[in-house]
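> Spelled out, the chains give:
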Amino acid sequence: GAGVSQSPRYKVAKRGQDVALRCDPISGHVSLFWYQQALGQGPEFLTYFQNEAQLDKSGLPSDRFFAERPEGSVSTLKIQRTQQEDSAVYLCASSFTGGEGYTFGSGTRLTVV
Amino acid sequence: AQSVTQLGSHVSVSEGALVLLRCNYSSSVPPYLFWYVQYPNQGLQLLLKYTTGATLVKGINGFEAEFKKSETSFHLTKPSAHMSDAAEYFCAVSAAGGYQKVTFGTGTKLQVIP
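Chains A and B supply the protein sequences, listed in that same order.
The first sequence begins at 690 in my numbering and counts up by one.
The second sequence begins at 100 in my numbering and counts up by one.
Because the hints were derived from the structure by calculation, they are not lab data.
Just so we're clear, the structure is a prediction, and the values are computed from it rather than from any experiment.
From the three backbone atoms N, C-alpha and C, an ideal C-beta is built for every residue, glycine too.
Errors might be hidden in some of the hints.
[Stated by the list, open to error] Straight line, CA to CA, 35 Å or less: simulated DSBU-like cross-link-like pairs of lysine-lysine: (1) B:K167 - A:K767; (2) B:K208 - A:K767; (3) A:K767 - A:K746; (4) B:K167 - B:K148; (5) B:K208 - A:K746; (6) B:K208 - B:K167; (7) B:K148 - A:K746; (8) B:K168 - A:K746; (9) B:K157 - A:K767; (10) A:K700 - A:K746; (11) B:K200 - A:K703; (12) A:K703 - B:K208; (13) B:K168 - A:K700; (14) B:K167 - A:K700; (15) B:K200 - A:K767.
[Unchecked claim] A partial selection of chain B residues facing chain A, derived with a Cβ cut-off under 8 Å: (16) F133; (17) G142; (18) K148; (19) Y149; (20) M182; (21) T205; (22) T207; (23) V211.
[Stated by the list, open to error] Derived, one-sided and incomplete: chain B residues facing chain A with beta-carbon distance under 7 Å: (24) L145; (25) F203; (26) Q210; (27) P213.
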């Protein structure tokens, strides 16, 4: 596609509910990143994929967070048993090489109530 | 490890005035440096990047930044502010080469006063 597409744009979850956030990267981009942006903060790295391989998941805050990219294109970030501190904007970005600038999606704003 | 410090969480300038957003970085290896802009309820858009070569980098919308290794700085400038420049700006750093995690600063919100 022409850009990175994320869905849903907004998600309200009750505490304890599981959520799944979707990212469609730019066609042909092998690198895919997930970032978490809390209100008033810069984006914080969560995880990185090169094709279907998850090469770095050091930023995932707990084992409730899980990401996958099974066919090397669409990626899903899943959060189990959501907590209020999970409220943030989740940004997906893709790139050809990973190190020379990413194209970001518009993000999914998750609010846990 | 890399880190970024953006001086000033809020900057106000008059329309037509110089825009200067400050960024200092820390990196134990040669860095790649980036500036991104974020408009409300949107993702981040790459303004410009420094990887190798010329230290003065020109980007979109008339912005430019200069990589100064001796000062570990990568300040963003624009000669004349437009109302449309009002947004949040993020400086970011990664280690040079291939895949590298990008670390962002906390952002500077630019207000342009008519």
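> Which earlier hints turn out false for this structure, listed by number in ascending order?
Failing hints, ascending: 1, 9, 13, 14, 19, 20, 22, 23, 26 and 27.
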